[in-house]
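S.K.: Read off the chains here:
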Amino acid sequence: MAELFVIEKSDQVTAVGLRGDLDTAGVAAVETRFNATVCPAGHDTLVDFAEVGFLASLGIRMLVSAARTLAGKNARMIIHSPQELVRESILAAGLDDLIGLADNADEAWKLLDG
Amino acid sequence: MDDLPAPTPLTLTVDSDTAEIARARAVADAFLADTGASARARYAVSLCLEELITNIVTHGHGGESGHAVDVHLERHGTGYRLVLEDEASPFDPASAPAPDPGEVGGRGLAMVRRFVRELTHEATARGNRLVVLIDP
Chain A
1 MAELFVIEKS
11 DQVTAVGLRG
21 DLDTAGVAAV
31 ETRFNATVCP
41 AGHDTLVDFA
51 EVGFLASLGI
61 RMLVSAARTL
71 AGKNARMIIH
81 SPQELVRESI
91 LAAGLDDLIG
101 LADNADEAWK
111 LLDG
Chain B
1 MDDLPAPTPL
11 TLTVDSDTAE
21 IARARAVADA
31 FLADTGASAR
41 ARYAVSLCLE
51 ELITNIVTHG
61 HGGESGHAVD
71 VHLERHGTGY
81 RLVLEDEASP
91 FDPASAPAPD
101 PGEVGGRGLA
111 MVRRFVRELT
121 HEATARGNRL
131 VVLIDP
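Taken in sequence, the protein lines are chains A and B.
Counting from 1, one number per residue, gives the positions in the first sequence under the working numbering.
Counting from 1, one number per residue, gives the positions in the second sequence under the working numbering.
Relax, there's no trap hidden among the hints.
Partner residues are not named here, just some residues of chain B that face chain A (Cβ under 8 Å, in silico): (1) Thr18; (2) Ile21; (3) Ala22; (4) Arg40; (5) Tyr43; (6) Ser46; (7) Arg107; (8) Ala110; (9) Met111; (10) Arg114.
These are calculated hints, taken from the structure and not from any lab test.
Glycine included, every Cβ here is placed at the ideal spot set by N, Cα and C.
Construct the entire structure; sequences and hints are all you get.
M.R.: And the structure:
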């Protein structure tokens, strides 16, 4: 089962993490809280993926939906620290234009600063 | 030296209900672990079961449970062969368009294709047969 944890919530940036499998059951467990945490503020958002072990298209759908909401508020979403196979899923899903991807948290913060 | 005997293929039937996918994935993953599959092969099979059964349930049966989906997994050469047979209307995933970057959904098959060597479809008298070849 997946979980969401909040790392930082400031006036400018929301940083959260996800843990577990983002499959049918995992997305059902976190989607409402993920959207409620990320979308209303409309801030640039960092999503720590280090503890996500599996990513299905339902998880991609959750991320794309939130990223589009953020884009409508001129904010960006950046996923960082994905495991190798999860990273490959993200690339296969073709999210490059909508969601940033960074190898680690430092790189993600630099992308926001850039 | 003689080759080790091939492990007995895995066969199970799940209902056309997305709640059944977790069970199929767990059983398949245990089979793969027993046969020494790589992390990538285990991920690939899990992704195939998640996405392809979701498609069968959602698009093939309109979300209706009560229809059988047969899952067959076996060693095939040095890799694996996964076969899914359903009772749904004919649908070839290979005919599905590439995902539109502007759309929220439609990315499951693109993800599957990334992780498998080959995905083929055959219409059967009963419905559909999907055959997926996965590298070791």
